[in-house]
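Asks: These are the residues of each chain, in order.
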Amino acid sequence: MMTNPTGRLTQGQFSFLPDLTDAEINLQIEYGLRRGYAWSVEYTDDPHPRNTFWEMFGMPMFDLRDAAGVMLELRNCRQTFPHHYIRLVAFDSTRGIESITMSFIVNRPPSEPGFGLQRQEGPGRTLRYTLTPYATARPEGERY
Amino acid sequence: MGVTEIHAEATDITANAKKRYTAGVLKYRQMGYWQPDYVPSETDTICLFRITPQEGVDPVEAAAAVAGESSTATWTVVWTDRLTACDSYRAKAFKVEPVPGTPGQYFAWVAYDLILFEEGSIANMTASLIGNVFSFKPLKAARLEDMRIPVAYVKTFKGPPTGLVVERERLDKYGRPLLGATTKPKLGLSGRNYGRVIYEGLKGGLDFMKDDENINSQPFMHWRDRFLYVMDGVNKASAATGEVKGSYLNVTGATMEDIYERAEFAKELGSVVIMLDLVVGWSAIQSMANWARKHDMVVHMHRAGHGTYTRQKNHGVSFRVMAKWLRLAGVDHLHAGTAVGKLEGDPLTVQGYYNCCRDSYTRQDLPRGLFFDQDWADTRKVMPVASGGIHAGQMHQLVDLFGDDVILQFGGGTIGHPAGIQAGAVANRVALECIVKARNEGKNIKDEGPAILQKAAQTCTPLKQALETWKDVSFNYASTDTSDYATTPSVA
Numbered sequence: 012m013m014t015n016p017t018g019r020l021t022q023g024q025f026s027f028l029p030d031l032t033d034a035e036i037n038l039q040i041e042y043g044l045r046r047g048y049a050w051s052v053e054y055t056d057d058p059h060p061r062n063t064f065w066e067m068f069g070m071p072m073f074d075l076r077d078a079a080g081v082m083l084e085l086r087n088c089r090q091t092f093p094h095h096y097i098r099l100v101a102f103d104s105t106r107g108i109e110s111i112t113m114s115f116i117v118n119r120p121p122s123e124p125g126f127g128l129q130r131q132e133g134p135g136r137t138l139r140y141t142l143t144p145y146a147t148a149r150p151e152g153e154r155y
Numbered sequence: 066m067g068v069t070e071i072h073a074e075a076t077d078i079t080a081n082a083k084k085r086y087t088a089g090v091l092k093y094r095q096m097g098y099w100q101p102d103y104v105p106s107e108t109d110t111i112c113l114f115r116i117t118p119q120e121g122v123d124p125v126e127a128a129a130a131v132a133g134e135s136s137t138a139t140w141t142v143v144w145t146d147r148l149t150a151c152d153s154y155r156a157k158a159f160k161v162e163p164v165p166g167t168p169g170q171y172f173a174w175v176a177y178d179l180i181l182f183e184e185g186s187i188a189n190m191t192a193s194l195i196g197n198v199f200s201f202k203p204l205k206a207a208r209l210e211d212m213r214i215p216v217a218y219v220k221t222f223k224g225p226p227t228g229l230v231v232e233r234e235r236l237d238k239y240g241r242p243l244l245g246a247t248t249k250p251k252l253g254l255s256g257r258n259y260g261r262v263i264y265e266g267l268k269g270g271l272d273f274m275k276d277d278e279n280i281n282s283q284p285f286m287h288w289r290d291r292f293l294y295v296m297d298g299v300n301k302a303s304a305a306t307g308e309v310k311g312s313y314l315n316v317t318g319a320t321m322e323d324i325y326e327r328a329e330f331a332k333e334l335g336s337v338v339i340m341l342d343l344v345v346g347w348s349a350i351q352s353m354a355n356w357a358r359k360h361d362m363v364v365h366m367h368r369a370g371h372g373t374y375t376r377q378k379n380h381g382v383s384f385r386v387m388a389k390w391l392r393l394a395g396v397d398h399l400h401a402g403t404a405v406g407k408l409e410g411d412p413l414t415v416q417g418y419y420n421c422c423r424d425s426y427t428r429q430d431l432p433r434g435l436f437f438d439q440d441w442a443d444t445r446k447v448m449p450v451a452s453g454g455i456h457a458g459q460m461h462q463l464v465d466l467f468g469d470d471v472i473l474q475f476g477g478g479t480i481g482h483p484a485g486i487q488a489g490a491v492a493n494r495v496a497l498e499c500i501v502k503a504r505n506e507g508k509n510i511k512d513e514g515p516a517i518l519q520k521a522a523q524t525c526t527p528l529k530q531a532l533e534t535w536k537d538v539s540f541n542y543a544s545t546d547t548s549d550y551a552t553t554p555s556v557a
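Keeping their order, the protein sequence lines are chains A and B.
Take 12 as the starting number for the first sequence in this note's numbering and just add one per residue.
Take 66 as the starting number for the second sequence in this note's numbering and just add one per residue.
Quick caveat, the hints were computed from the structure, so don't treat them as lab data.
Certain hints may be false.
What the hints assert, rightly or not - Derived pair list, reagent style SDA-like, types lysine to any residue, alpha-carbon separation capped at 20 Å:
| id | chain 1 | residue 1 | chain 2 | residue 2 |
| --- | --- | --- | --- | --- |
| 1 | B | Lys332 | A | Ile116 |
| 2 | B | Lys301 | A | Gln129 |
| 3 | B | Lys529 | A | Arg106 |
| 4 | B | Lys251 | B | Gly477 |
| 5 | B | Lys301 | A | His59 |
| 6 | B | Lys301 | A | Leu128 |
| 7 | B | Lys238 | A | Asp30 |
| 8 | B | Lys520 | A | Glu35 |
| 9 | B | Lys508 | A | Thr32 |
| 10 | B | Lys332 | A | Gln131 |
| 11 | B | Lys251 | B | Val344 |
| 12 | B | Lys238 | A | Trp65 |
| 13 | B | Lys238 | A | Arg130 |
| 14 | B | Lys301 | A | Thr147 |
| 15 | B | Lys301 | B | Arg289 |
| 16 | B | Lys520 | A | Asp30 |
| 17 | B | Lys407 | B | Ala516 |
| 18 | B | Lys301 | A | Met13 |
| 19 | B | Lys238 | A | Leu28 |
| 20 | B | Lys511 | B | Ser539 |
| 21 | B | Lys359 | B | Thr221 |
| 22 | B | Lys301 | A | Arg130 |
| 23 | B | Lys529 | B | Ser539 |
| 24 | B | Lys520 | A | Thr147 |
| 25 | B | Lys508 | B | Lys520 |
| 26 | B | Lys220 | A | Ile108 |
| 27 | B | Lys378 | B | Lys359 |
| 28 | B | Lys238 | A | Phe64 |
| 29 | B | Lys238 | A | Tyr42 |
| 30 | B | Lys238 | A | Thr63 |
| 31 | B | Lys223 | A | Leu128 |
None of the values given here were measured: they were computed from a predicted structure.
Please put together the full structure from these sequences, using the hints given.
Replies: As structure tokens, this is what we get:
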């Protein structure tokens, strides 16, 4: 159990709120589609804050303009990886942005043990910090 | 003399080299600094000055004097002008208009040829534009209101070392404003006590903590000690939350050598961000922008001191001009006002500053104080920072006014929470997330905001306490710096 006030990983747009229902997730997808974003589904069992590249559950849905299609992909991902972290990511290809514009977690493992912090002492009281997810001590796919 | 006669007389002299260069004193408008028919080229810089001529000084002559004193003129005719292609070097006042509803003040448009300013040097450009001219006796007051910087000159600057898009990628934070807090009290905390505040705020849910502008290396806390304790707080909070966290380490110091030394140490400790105060000056800012680009560092700019020349409407430099210069000079974060907090700024004017920071192409928008279209030519975007006297109960107003690309900074509004710093951070993060979620769902957050916050507070005690503690706090004073083209709505 993580010790921050939410007791869980706080990445993404809505981690401090109660878990979004599928109906609420649908509304967020529709908002992104109205703004011309492309949605994709990503999953991981390594939630290190600098693990940038979660696995892609299929390609970004550039041509999909219907929220139901995104929800279908999300349901497939949840069935395949029920104990992984899953996030929905929206991409905006507008010149000058060309980056992610929304990202929020829509599935979590039943227990979130969090991260250990190692300190390596250096000269002049400096410290080097290494942050290790407790779960990644086990191999991929067997972590949660 | 009527306008037609003034033009005729000016043209007569400037067109006649013998008359123009006879030793003695001419009026500025007779020396080529007033050219009402001039059409600025795509590569000219255009400045809009607000001028208040002394009694009896003709506004056209005053405008010409501004053009002259900000470019080549001296008080008398000099024959050495004739050794140069002097017409290129003269700035040209080409339009003067009375300021609407403000007797005695005039707007003067002045164009500057591309050759006038050294490439990539804010110091050089500003030495002309806000140099001697601002002390010129025939003017009671002058203010640089806005400027159009040509693409040709924009492209000589490298701009923000990181920019808001790449910063979000590095932090892995998207689709919502970032949250910060300034460590309080500003002065007196030891390094150890200071680090405690950093840890609590970040663990509670903030993305950033911040040094104050006047925290450098005083007797109560030397900079090295601060950096070490702060980074311990940052890393502990990152482990506790699984998020990238940061704290703006203020590297401002007495000399460039001090600034570099402090920045190097921040880098060595793994900080994602450093902070500079505006008072370090343009050259230091551009040097640190280069340093930051080299080391993948975000530069947080605190605009300490700006109020001495941006606030009064009749004299100085508008903050929108400062924002443009700072974007070119190369900062990633810039304090640009809150509209609803304790510091100066009416909502539309402040939105104008935000546009200068974040637009790809800024459109003329007189109610927001933007006099020119400005093509930013793909210059990276600056993340504006709203900081100063704001609290969770205003979250809907802040998100409505500023959108997602902004850092909302609640110092007192986090640390002053009755249940402690972590609770203060939770209140702000929950307030932010519920407002963003509601906005995306199509709710009108401007009107429904208070109800949305109250609803979220039912399941979040820290938010409930925050709303209760600060429910009556607002700083609803008239702004001094407002648009001349629209009445200013106040924020209740």
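Asks: Evaluate each hint against the coordinates.
Replies: Evaluation of the provided hints:
1. B:Lys332 to A:Ile116: violated (31 Å)
2. B:Lys301 to A:Gln129: holds (10 Å)
3. B:Lys529 to A:Arg106: violated (41 Å)
4. B:Lys251 to B:Gly477: Holds, at about 11 Å.
5. B:Lys301 to A:His59: holds (14 Å)
6. B:Lys301 to A:Leu128: Distance ~7 Å between Lys301 of chain B and Leu128 of chain A Cα, so the pair holds.
7. B:Lys238 to A:Asp30: Given pair Lys238 of chain B, Asp30 of chain A holds - Cα atoms ~18 Å apart, limit 20 Å.
8. B:Lys520 to A:Glu35: Cα-Cα ~16 Å, so holds.
9. B:Lys508 to A:Thr32: holds (17 Å)
10. B:Lys332 to A:Gln131: holds (17 Å)
11. B:Lys251 to B:Val344: holds (18 Å)
12. B:Lys238 to A:Trp65: Holds. Lys238 of chain B to Trp65 of chain A sits at ~15 Å (cutoff 20 Å).
13. B:Lys238 to A:Arg130: Measuring from Cα to Cα gives roughly 26 Å; hence the hint is violated.
14. B:Lys301 to A:Thr147: Roughly 19 Å separates the two Cα atoms, so the pair holds.
15. B:Lys301 to B:Arg289: Between Lys301 of chain B and Arg289 of chain B the Cα gap is close to 19 Å, so the pair holds against 20 Å.
16. B:Lys520 to A:Asp30: At roughly 16 Å apart (the allowed maximum being 20 Å), Asp30 of chain A and Lys520 of chain B satisfy the hint.
17. B:Lys407 to B:Ala516: Measuring from Cα to Cα gives roughly 24 Å; hence the hint is violated.
18. B:Lys301 to A:Met13: holds (12 Å)
19. B:Lys238 to A:Leu28: holds (16 Å)
20. B:Lys511 to B:Ser539: holds (16 Å)
21. B:Lys359 to B:Thr221: Given that 20 Å is the threshold and the Cα spacing comes to 18 Å, the pair holds.
22. B:Lys301 to A:Arg130: holds (10 Å)
23. B:Lys529 to B:Ser539: Satisfied, since the Cα-Cα distance of roughly 18 Å is no more than 20 Å.
24. B:Lys520 to A:Thr147: The hint is violated at about 38 Å.
25. B:Lys508 to B:Lys520: With a Cα-Cα distance of about 14 Å, the restraint between Lys508 of chain B and Lys520 of chain B holds, given a limit of 20 Å.
26. B:Lys220 to A:Ile108: With Cα atoms ~19 Å apart, Lys220 of chain B and Ile108 of chain A stay inside 20 Å; holds.
27. B:Lys378 to B:Lys359: This hinted pair is violated, its Cα atoms lying about 39 Å apart.
28. B:Lys238 to A:Phe64: holds (14 Å)
29. B:Lys238 to A:Tyr42: holds (18 Å)
30. B:Lys238 to A:Thr63: With Cα atoms ~11 Å apart, Lys238 of chain B and Thr63 of chain A stay inside 20 Å; holds.
31. B:Lys223 to A:Leu128: violated (37 Å)
Checked against the numbered hints above, the structure violates hints 1, 3, 13, 17, 24, 27 and 31; every other hint is satisfied.
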